[in-house]
Each structure stands twice: as structure tokens, then as C-alpha cells.
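S.K.: Below, each chain spelled out in residue letters.
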Amino acid sequence: MSEDGSIHIVDDDRAAREGLGFLLSSLGLEIRQHGSALDLLGTLGDQAEGCILADVRMPGMTGLELLDELKARNCPLPVIMITGHGDVPMAVRAMRSGAIDFFEKPVDGMALVDRIKEALSESRQQADAARTAAALRERTQSLTTRETEIARAVLSGRQNKQIADALGISLKTVEIHRHNAMDKMGARSAADLVRLLVAAGWADS
Amino acid sequence: MTRFFIRLSVSLVALALAVPAAQAEEPLRIGVLDYLSTEHALDHWRATKTALNRALPEHDFRIVPLDLYGLDAALADHALDFVITNPGNYAALEYSHHISRIATAEGDWPVASTLVTNGDLETLDDLAGRRLAIVAPEAFGGFQIVWSDMAETDSALARQVDLVITGYPMQSAAEAVLDGRADAAVLRACMLEDLQRKSARFDALHAFAVQRDVSAAIGCASSSAVYPGWPFAKAQQTSAALAKQVAVALMQMEGATGWTVPLDYQPVHDLMRKLQIGPYERVGPVSLREFVEDYWDWLIVFVVALMFWALYSVRIETLVRRRTAALKDANAALKTEMVERKNAEEADRQHRRELEHVARLSILGEMATSIAHELNQPLSAISSYAQGCLLRLKAGKFSEKDMTLASQEVANQAERASTMIKRIRAFVGKRERQLAPVAAGALIKDCASIYSASAHRAGVQVQTQIAEELPNLMADAVQLQQVILNLVQNGIDAMEQTPQDQRTLTIRAEARDDGARGKGVAISVRDNGQGMTAAAMDHFAEAFYTTKTEGVGLGLALSRSIIDAHDGWMRAEQPDDGSGLRVVVWLPAGECM
Chain A
310 MSEDGSIHIV
320 DDDRAAREGL
330 GFLLSSLGLE
340 IRQHGSALDL
350 LGTLGDQAEG
360 CILADVRMPG
370 MTGLELLDEL
380 KARNCPLPVI
390 MITGHGDVPM
400 AVRAMRSGAI
410 DFFEKPVDGM
420 ALVDRIKEAL
430 SESRQQADAA
440 RTAAALRERT
450 QSLTTRETEI
460 ARAVLSGRQN
470 KQIADALGIS
480 LKTVEIHRHN
490 AMDKMGARSA
500 ADLVRLLVAA
510 GWADS
Chain B
90 MTRFFIRLSV
100 SLVALALAVP
110 AAQAEEPLRI
120 GVLDYLSTEH
130 ALDHWRATKT
140 ALNRALPEHD
150 FRIVPLDLYG
160 LDAALADHAL
170 DFVITNPGNY
180 AALEYSHHIS
190 RIATAEGDWP
200 VASTLVTNGD
210 LETLDDLAGR
220 RLAIVAPEAF
230 GGFQIVWSDM
240 AETDSALARQ
250 VDLVITGYPM
260 QSAAEAVLDG
270 RADAAVLRAC
280 MLEDLQRKSA
290 RFDALHAFAV
300 QRDVSAAIGC
310 ASSSAVYPGW
320 PFAKAQQTSA
330 ALAKQVAVAL
340 MQMEGATGWT
350 VPLDYQPVHD
360 LMRKLQIGPY
370 ERVGPVSLRE
380 FVEDYWDWLI
390 VFVVALMFWA
400 LYSVRIETLV
410 RRRTAALKDA
420 NAALKTEMVE
430 RKNAEEADRQ
440 HRRELEHVAR
450 LSILGEMATS
460 IAHELNQPLS
470 AISSYAQGCL
480 LRLKAGKFSE
490 KDMTLASQEV
500 ANQAERASTM
510 IKRIRAFVGK
520 RERQLAPVAA
530 GALIKDCASI
540 YSASAHRAGV
550 QVQTQIAEEL
560 PNLMADAVQL
570 QQVILNLVQN
580 GIDAMEQTPQ
590 DQRTLTIRAE
600 ARDDGARGKG
610 VAISVRDNGQ
620 GMTAAAMDHF
630 AEAFYTTKTE
640 GVGLGLALSR
650 SIIDAHDGWM
660 RAEQPDDGSG
670 LRVVVWLPAG
680 ECM
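Chains as they are written, first to last, in the working numbering: chain A, 310 to 514; chain B, 90 to 682.
Chain A on its own, in the form it takes in the complex (with noise of 0.2 Å):
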């Protein structure tokens, strides 16, 4: 996870790349300049944390297309489509394709300051959570098959019991097996080991 939270620029024209960029500057944030999409999805790597600001209108590949690309490669970072002629079909399209929002030059500052800092607060959540995830999907990847097939049991609500005649095991192994699982995921109570299930995605599987 290298360059956190650093916000990449990307616009074919030199000078309006830089001018977006020295104003950012005064964030006092990390600025990336790139001259092309190609440019910046050859540079981006698996970077979970940041911001894109793109120009719609850009030779070879342009916002829109960018957008596209970025979707097919889940990458987490928002994007803030800028253009230097909007209209409504095409803020509907970019909004769609992800962008977060749609900014027509010359750009409102302080609008788009503010909202720079919003999505940056968000990437960098959307990265905690993510960053958590794994870190929970980790500890189940130590769970043994036993341990897991009851913790995915208590996650679908079944009482201690159930789990037992289900399994055809009896009520002191599951309580035994329940323990540890609680143990290697850090839970303290059933409840606690639930939310942490949920947490690392077991809630859609």
C-alpha cells in the first residue's frame, strides 16, 4: 500500500494540469500529475487510498473511458470527472460509471477542495474497512474445518444444541470447538464473533 492518500491529476493540458495541481498544493497533500489515463493506470498499481481527478476529454483514452477501465479493475480510489464543456448526458454517464461528481472549468476551489477532502475521508475509510476485512479474513483462514463449519453455524443463528444434533457431535465439543474459534477471532462474546464474520464477508457466502 504505497503513496496513501495522494491525488492523481490527469489532463492532457500541461498547463491546466499544473494550475489544478498548485492549487491543491496548498492542502498541503500529495499531488500526481499525469498526462494521459494510460499514464496513470500505468503508475497506479494496487494503491487503496487517494483520489483521481480526470478530464473528460483527453486524446487516446478519454474520462469516460478511464472510468471504465478503473471499474474493471476495482480500483477503490473516487473519482472526480472534470470537463472543460459539460452538459447533463454527459455528467449522467460519468456518475454512472462511478465518478463521485462532475466538475465543469474553470473549477470552484473551494467546492472542489472540500470535496477532494470528503472523498479522501472516505477512501480512507473505505481503506480501514478493507484493510480490517483482511485482516479478519486472515484470522479465518487459521480456523480448522470443524471450527469453521460451527462458526458459519452460530453466523446463521443456530443455538449450541442445534449445532450439536446437527453435526451428530456432542454439546461439549461444539462449546470446545465454539471456544477456540471465538479465541483465533478475537471474539468475546458469540455476538462479538458474529459481527466479525459479517465483517470479513462471510455474510454473503
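FYI, nobody ran anything at the bench for these hints, they're computed from the structure. Beta carbons are placed, not taken as given, at the ideal position from N, Cα and C, and that holds for glycine. Treat the hints loosely; a few may be bogus.
Negatives, chain A to chain B, calculated, CB over 12 Å [what the hints assert, rightly or not]: (1) 348; (2) 406; (3) 510.
Straight-line alpha carbon distances no greater than 30 Å define the calculated DSSO-like cross-link-like pairs of lysine-lysine that follow [what the hints assert, rightly or not]: (4) B:431 - B:417; (5) B:486 - A:426; (6) B:138 - B:333; (7) B:363 - B:138; (8) A:380 - A:426; (9) B:490 - A:426; (10) A:470 - A:481; (11) B:483 - A:426; (12) A:470 - A:493.
Go by the hints and put chain B onto chain A.
M.R.: Quick look at chain B alone, frame taken from chain A:
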């Protein structure tokens, strides 16, 4: 004073002569012109006096020798009864004292003049610029006859002759030539022969400008016609009866020198009138009558010439007036025609200008979105820099480096925007064609600022290949830009369906000689688009023919008319290597300025 003394002397002479006359009756005085000496005069006319006294014994005839002035004065005093004088003086006295001739001398030397010289003179004309010795300006045979002949030969001749006046006797004139004081001399006819008989030293002289027939008639060399001899005239108060008696006596006189009937003195009068001397001397302003009388023949010639001139002038005037009127009509017609043509041309030009303007607007319209985007970039950058500065100021953390950078960029971007606006305005404005030397390379580079946005947006790569050392074109830069932009935009539009990586447009400029039209520059725009169907190719650059859904089909037609106006040509070609279309514009190289 002089006149007073002359009168006194005449009175004295008359007094002296009066003494013997007391014996018979009043003596009759015959005044004679004395041009040599008193003795000579007395001697010369003694025969006449003797004859008269013999024929009319009751009268006492006396010879009174007088000079020209003496004669005049004595006649004025009525102191003379008769006068013998030379023909010239007679003509003068006839006029002033009304004397009338009763006889003319004959057998004396003929009244004519002989020009003599010791040099090589041959004609009267030869006297021009020479010295001519004469006895006196008043001398008739000794000067006036020759003077008259000179005036007749050439009116300017008399003025060109340098007169040397020797005084009497007449032989002095001949001596002046021998002494070298003169180149020629005027003598009375027969005098030369007389002098040569008396002295051998006159043999050096010879007569010139001799009139052969006259000379043959009188037996002496003569250079002039012969005038009537000396007249014997009666004074006005002398009675006709006495005059008749005297005339009879004179006619009956015998001897070498005698008298005959009075001759006609008209030639003498003519001569004097011609020279304007004697009675014909002009004292006052010339009266019109005199002038007309003198020059009537010349006047007739002059009047006839004047009439001819007037007739000629009238004729010329009429012709000129007639032709001027015709010319004026033709001019007016021409002027009207010119005005009409000018108006038509002006209307045509106006129309074309409007059309070109519309075409440029339409090209610009096609590119408008791109241009707006392009203009927005510098504005956006400026806005960003300014807001960045504001944020820094608010936060109280700004460095000089930051501020310098921002200000510099703001200035740069403002300049960029303004340049672009100027280009567009120059391109769109309505204007007359202005020919100036244009470098094709620079012109194409200039176009880039307008088409790049459009190309950019369409993802078209534009390549320019401009040959070095292209000749300049004599062209209207804006119109040429219009043509190039039109072709570029067409190329961009044609590649809508072309795969992204093949969207290449090539602008090439190279020197090319066109066989018929000489040196020039070929500018070609080649795209990799859909190309043209054979049908579309047939309609290439026709007005209102378009394959575009949004076009009106004027762009290429106007481009062609612009190129035609520059004496160039434009045509479309199917490239040999692959798809697309190449449009070639050829323009003649401009004359060196």
C-alpha cells in the same frame, strides 16, 4: 544758322549779279546744281547760257552754281527763274517748290551708276559686309540708284554695307578704292572710262554687277538702269510765256550736249518713294492710306492668306467639334458601361466575401466545441493559479517561489488565450482579398493552433511534412488558411469510422513545377478515412454537394474558388497506398517583391 548763312550768301550773289543787269533789264538766273566746283558748273553750262542769250537777246541769262541746300534756299526766296539739277534733286524740288521741267538734257553722261572695284566682287550681294565708297548720300547717280537696287535685291543688304563717304569730286570715291579705304565705289556711268582715259592708275579698277543690255545701249559699263537726264525746269513764278521761249531756244540748241523734250521722271519718283527720300521722306506716323498704297500687293497676299487661314480654322474647328462630340458620346457610353461593370464586380465581390465569411464561420462552427475547450484550458489554468494563491494567502503560508510561478503562469496562459482569440477573429472577419508574400510552411504551422483542438478531440494524429526552401506564394494568408483548415477538417471528419491507431492526417508542402503554369507549391492533405466513391469524386468540390450529414456542401466549393482566384488548382486523388483521400492544392510561386 547754316540756313541763315546760305540765304545771306544767295542774297549777296544776287546783289553782285544785279549790277550789269541794270543796263538792259532784270537778269534771268539759272540755278545749277554744282556738284564738283563752281568753275566746272559754269564751264559745263556755258554753252546753254550762250545759246539762250543768243536766242533771246532781250534777256540776260546768268548761271548761278549752287549746292543742294543753296538751290533749295534760293527757290524758297524766289531768287531763281530756272533750275538745272540732277533728276533726284529735281523730283524733290518739284514737290517742295513746284518747279516744272521744260526740257531734259541729252548727250551728256547718261544718268546711271557703275559699281567699281579692284577686288573679286561680282554681284550686288557680294557687297554685304564690304566697305562701299560713295560721294555723298544725296548723290543720285552716285548713290541713290545703287541704294535702290540694293533694297530691291535684298531689303537687308543696304544695312549690311559699310558706307565710306568721300565727298566731291566723285573721283575721290574711285581713289578711296585704290587707297584701300573701301572695297568698292559707286561712280556715275561712263565716269570709269573717262577716268581711265585720263590716268592709267584707274586701270586697276573694273566695273561689276554690270547690266549688259544697258551697257550696250549707252556704250559704257553700267550697273543700273538708265534714268532720265538732268532736267531744265522753270521756277513757279516764272511766266509760262518766257518758259515757252526758253524751251524753244533749248530745243534749237546745237552742240554735243543739247536739250530735248522733257522726259518722264516717274522712274525717279518710284525710286525715291521706294527709298522714302526726298518728297517721300516720312516725317510722321505712317498713315493707313500710305501704308495701303505702299503695300497693297502684300496686303492682298496677306488678306488672301488670312482668309485661307480663317476658312481652314473654321473647317478644323468644325471637324474637331464633330469628333469631340463623337468621342464624348463614346466616353459617356464607356463610362456607363464601366460603372455598370464595376457595380456588378462589386456586387460579385461582396457576394463572394459574404460566402467566404459564411464558409469560415461554418468551418469554425464545426470546430467550435473543440475551440471552446481549447480556450477553456488557459482560462481554467489561470483560475486554478489564482485560487491557489488565494488559498495560500488565507493559510498564511506562501513562498515567493510559489507566487512567482503562479503569476508567470497566469500571464502565459492569458497570452495563450488572447493569441487564440486573435487568430480566430482574424480568420472569421469579413475582409477583402489582400495579396502578400506568404511562406507555406509558416502558414501551415499557424493553422495548427486552430485545427489541433479538433484533431485532438477526434484522436487524429496530424503530421506535417514541409519541404525546406519553399518559394513564397503571392496569396491572401487568411484565405489559404481557410482552404487548409477546410481540408483538414474534412480529413478529420472522414476518419470517424477509422480505427483509433490509424487516424493519421498528413499535411505535406513541397515545391512543384506545373508544366503550363511554372513554379509553384503543392500542398496536400491526406487522410486515412473512408475515401470517396467514384460518384462523390465526380462531384468533388461542387457547391451544395455533401456527403456529411451536417454539412451544407460549401466548404470545398469555396476553397476551389479561392484557389482559382489565386491562379492555382485543386483536385482530389485516390492514394496508391491504401485507403483515404488526398486533396492537392497547387499555387503558383509569387513574383519576387
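S.K.: Now, for every hint given, state plainly whether the structure supports it.
M.R.: Status of each hint after checking the structure:
no. : hint          : in the structure
1   : 348           : holds (16 Å)
2   : 406           : holds (19 Å)
3   : 510           : holds (39 Å)
4   : B:431 - B:417 : holds (20 Å)
5   : B:486 - A:426 : holds (19 Å)
6   : B:138 - B:333 : holds (16 Å)
7   : B:363 - B:138 : violated (35 Å)
8   : A:380 - A:426 : holds (22 Å)
9   : B:490 - A:426 : holds (26 Å)
10  : A:470 - A:481 : holds (10 Å)
11  : B:483 - A:426 : holds (18 Å)
12  : A:470 - A:493 : holds (22 Å)
Hint 7 from the list above is the single one not met by this structure.
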